[in-house]
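Numbering-wise (my numbering), the sequence shown opens with residue 2 and increments by one.
A portion of the hints provided could be inaccurate.
Pairs of lysine to aspartate or glutamate, DMTMM-like flavour, derived with a Cα cap of 20 Å [what the hints assert, rightly or not]:
| hint | residue 1 | residue 2 |
| --- | --- | --- |
| 1 | K80 | E53 |
| 2 | K97 | E131 |
| 3 | K80 | D105 |
These are calculated hints, taken from the structure and not from any lab test.
These figures come from a predicted structure and were not determined experimentally.
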Amino acid sequence: MKLTFNRTFFIRLTAIVLVILLAVWMFFIGKQHTILLDNKTVGDFKALSEVEVQVDKQEALFLMPRDRDQAIVTAQKHKVVIKYTDSSWNEVEIVKTVKLPLMDSMMLLSIPTLVANPEAEQSEWLTHFEIQVTPPEKDEVVITDEVTLVTDI
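All chains should be built: construct the whole structure from the sequences, respecting the hints.
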């Protein structure tokens, strides 16, 4: 088979390259992430009594102490707006731009840590989160057949 570098070859090569570039671009902008917004006491940083958090243009979330909620987002760059009342009864608003790692699907944003030091690096208040799965206890009987439930009665 003879390979000729004519006009048709270059048009096909360009089409293949464009499709590959489009696929890579769609992967980057279409990746879904979950941001867990956490208002729990962390070390020396006390949880806020009431805080309003808005991620991008989504609905604002109101969090009380020991609350956690989630925002499901796509793409990597997001704007987080945190509004709260400080101890002097002044309304404080913190606006941060968050860049999420590409391959992490779930991230935990610690609001008390961010409020205590808004100028800190992102790695201090935004961490990777992984769900802990606990296996069933050994003496727990797992019933897989519904008929055995009826015969036990």
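- prompt: Is the straight-line distance between the alpha-carbon of K97 and that of E131 20 Å or less?
  reply: violated, 23 Å
message: Can you confirm whether the C-alpha distance between K80 and D105 stays at or below 20 Å?
response: Within the cut-off at roughly 18 Å; holds.
- prompt: Are the Cα atoms of K80 and E53 separated by 20 Å or less?
  reply: Measuring from Cα to Cα gives roughly 14 Å; hence the hint holds.
Violated hint for the displayed structure: number 2, the only one.
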